[in-house]
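The two chains are supplied separately, each in an independent frame; assemble them into the complex guided by the hints.
If you read the sequences in order, they're chains A and B. Under the numbering used here, the first sequence has 325 at position 325, and the numbering climbs by one with no breaks. Position in the second sequence (from 1) plus 1000 gives the number in the numbering used here.
The reader is advised that the hints may include incorrect statements.
[What the hints assert, rightly or not] DSSO-like cross-link-like pairs, simulated, lysine-lysine; straight-line CA separation at most 30 Å: (1) 9(A) - 161(A); (2) 9(A) - 315(A); (3) 315(A) - 111(A); (4) 161(A) - 269(A); (5) 111(A) - 1104(B); (6) 58(A) - 1059(B).
Simulated from the structure, these hints should not be mistaken for laboratory data.
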Amino acid sequence: MSLTMGTPKPFALWRHLNKLRWLSLSIVFAMLVALPFIHVYQTYTAAHAYDLLAPAEKQLYDVMETLTAAFTDDPAEDLDAIKGNTWSGSFFGLQLSDPLAVAGQMAAGLKLYAPFLLTALIPVLFTLVLGRFFCGWICPATFLYELNTNVSTWLARLGFKVGNRRFDLRLKYAVLGVGLLLSAATGSVLMAAIYPPAIVGRELYYAIALGGFGAGAAFFVGTLLFDTLVARRGFCRYLCPGGALYSLLGRYRLLRIRRIVENCNDCAKCNAVCEFGLDPLRDHFGQECNNCTACIAVCPTQAMTFVLRPTDFPKQGPGHLGKQYRRAHPDQGAH
Amino acid sequence: MQRRSALQRLIRGAALLAAASLPYGVARLLAPEARAQNHNREHNREHKRNHIRPPGALKDDAAFVAACIGCGLCGEVCPPRCIRFHDRDGGGKVNTPFINPEDKGCTLCNKCMAVCPTEALIETPLDEIDMGIAQIDRAACYPWVDRGICGACVSVCPLGERAIGFEMWNQYRPIIKDGCVGCGLCVEVCPEPSLPIWIVDRAEGTVARHTV
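If we strip away everything but chain B, and leave its shape as in the complex, we get (with noise of 0.2 Å):
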């Protein structure tokens, strides 16, 4: 009798156990991860980014999505509302944010390194923010190829002349400099289709043989 009653609870708690965690099976349902995974290693391969944290945020990124709760405060703070959230695509990730340069640079305001509550993004001096750094590909930059003078990414750098500035050769093709930060104005303004300027890892950037 105890025995039965014993399994009967037993069972009573495993059905208690699975109904608890149906919410989170639809949840994650609802955010699929394969997919997600699937999408960054084609970006990877790429060596182009377009899912790029915001800055000050930590560069480990299961760290980053450790300490991120979703709430929404960088995005909400964001002057140029260039910080967007994964959605449907980011499992784990869901509702964590990321700014996407082809669509819009962050113009490193700070805002919301210092509006985050936790520690996702930490407010970082304007030296050593980190998101990466621009690169450009010199078969495809007009002035680069010779099609004509354009300047755009040289023009809009918040940075200016530690980040990015003209060939000395010729003072219309531009090059990348050491101080660049990552912040994806100039991908934003390259008015070249196939953008031949782009944000890559810092280690995977190849700003000394660019610049030499």
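For reference, chain A alone in the conformation it holds in the complex (with noise of 0.2 Å):
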């Protein structure tokens, strides 16, 4: 009887998930680089004042033209479709928002505005089906967090310290509280200061437009430091108040990853590979897992696979291609 005969296999594409979460985030950034060029390039045209630039915005002007010429003829106009960053944007006329900024917008005026609301709607119903998947496949700070995770790794191969520590996950929960909470005392959007997604959208456009970083880019580094010293990905496992909102909101989520428990060898590369430290090689992803597909991607027998439930599957025991479980079971036998 071979083992393999009558095992469910993950649809194929999904191993490839993980290139496409790559290129999701690298547009996304580059979108964040480009749109302040592209708002640059609108109040050169709108002066209607080309003479009068300096030969490096002249240069500007000049390059954005011909990417642009082929789209609008009217730049100060048409350029305005895409705008803003992941904390709140416009996006062909449709208003998108973070949850998180509808929730402190709330808590620091300590009322509803329908309309702002409203904004967050289409966030909040993704959140509930696909879980905490904007941490994986749209915070430009993930784009960041994770080439400064490599970047450890090359660290720790070179022989220098990189901090892994664990702390509780429910501290971001507490985060997400106290932040709340001081938003309502103090009236304002608080949040927005700490919350990385926030930072990284906002200090590229003030870099790019405003001529400078502004105080959000010295508490972004001081991130990465915590990444790279204390934690991996720490700061979006233990502190991040909007990770913490879409763990809440994703907690009975649809979409989740599930071990095939006949496919498995054991080898877990998927718990080496998870950037949020769970555990997938034990069936245990739980709330935080953000659906990032770098597991399926991963894993060497094609045991991981999505499946549509609003609970993690149980617990299946060791894999049944592992030492462990074939010892167990001599009778079954190797195919």
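And the structure:
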């Protein structure tokens, strides 16, 4: 009897979703870099004074004109189609906001403002189905944090000490609670100052269009150092208030990753690759999993797949291709 | 035994709370509020405002700060790029928008009001925009002290006749009228370095006296 005959195989394209995710992260980040340049170009066109521009400004104008001439005749108006960042932005007339922005603003003003509430509706609905997908697929800070993880790995290989401490995962819910309480107490949306995606979007805009980084850049560098020296992806896992909100919203998400125990050989590559330090090998994903699909991509025996369930799959024990299972079930034999 | 574990849990909870509020401490440290207040007081004393909220902003500044999420959209759609953001001097106001008319005035294009996702900037008809009102220091403005002919402020005003004009008996001396909404373009173009024209709160303006 062959074990691999009747076992389910994951859909082949899911192994490549991790590349798609990197593409998505890169596109979001590239947009955040491109939008300030587009904005600067728009101000130059609106001023109708090409001759008065400095040589460097003329160069920027020319480059942007070549890039956008094919799409628009009126840059000052048409290039407004996509504006803003992941904290709040407008996308072809559709206003989208981070649920944390809405929560923070509601706490700061102590009232509901329906039009703004509605801008977070689409992200919230997606989160209810896909869980913390924002953290893995869109967040511009994730792009930098994951690159930083790679740098830390190289540093560790070169013999530097890289921190991988573990803290209580519930710390971030306390950050969210304290943040909302402080917002209500001070009457300003404090979360915007410590929420990495908001900081990255804003600081890129400040640096490119307004001529210099703001205070948030220092904080963001601090979080990078925290990730490198104290805990891998530590800010996202233990401190990020937005991650906490997404985790809570995505607690009963429908789309989950599941281990196919028949295909698993207990190699634990999934645990090693998991940015959030979860335990896919023992079927522990929880509300922290952001469906980033890194474990699906890395699995050498195709034992990871998606499943539609509101709760995690119950613990399935050791993988059937692993030594531990085969020692316990010698009668089933190797295929 | 039970009491001890309860105590431990209490201590652990307190430590959790302290660790959780650490980022806020760092954020507040990076944005000290004390300096910002002194800064503002100094400007209030002179009745000179160089941190004007964008057009259509909520009148009550505390309500504005509560409503603003610091997304930067208003600045990103602003054609003359006059909207700037409070940075380290902001305290609780950090990342909220302002216009410094000495630097660049607002052209009243309405884009920022249209794009604001929250109720911080409300779409307001041109006549009802109230960012302040321009005021001319008649002891420093060149035409007013008979040092020359200028008229830069009058020629740049987007509202024209209802906001600014010339005095009846001396057609070189600019006067502010009630229709002024405080966009600050006149402050931007004023060639006199001491800026004899600036934006003040409407309540502090002395339009009545100056137009007589």
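Going down the list of hints, with the structure as the test:
1. 9(A) - 161(A): 40 Å, violated
2. 9(A) - 315(A): With a Cα-Cα distance of about 19 Å, the restraint between residue 9(A) and residue 315(A) holds, given a limit of 30 Å.
3. 315(A) - 111(A): The hint is violated at about 44 Å.
4. 161(A) - 269(A): 22 Å, holds
5. 111(A) - 1104(B): Given that 30 Å is the threshold and the Cα spacing comes to 34 Å, the pair is violated.
6. 58(A) - 1059(B): Answer violated: residue 58(A) to residue 1059(B) is near 39 Å, above 30 Å.
Violated hints for the displayed structure, listed by number in ascending order: 1, 3, 5, 6.
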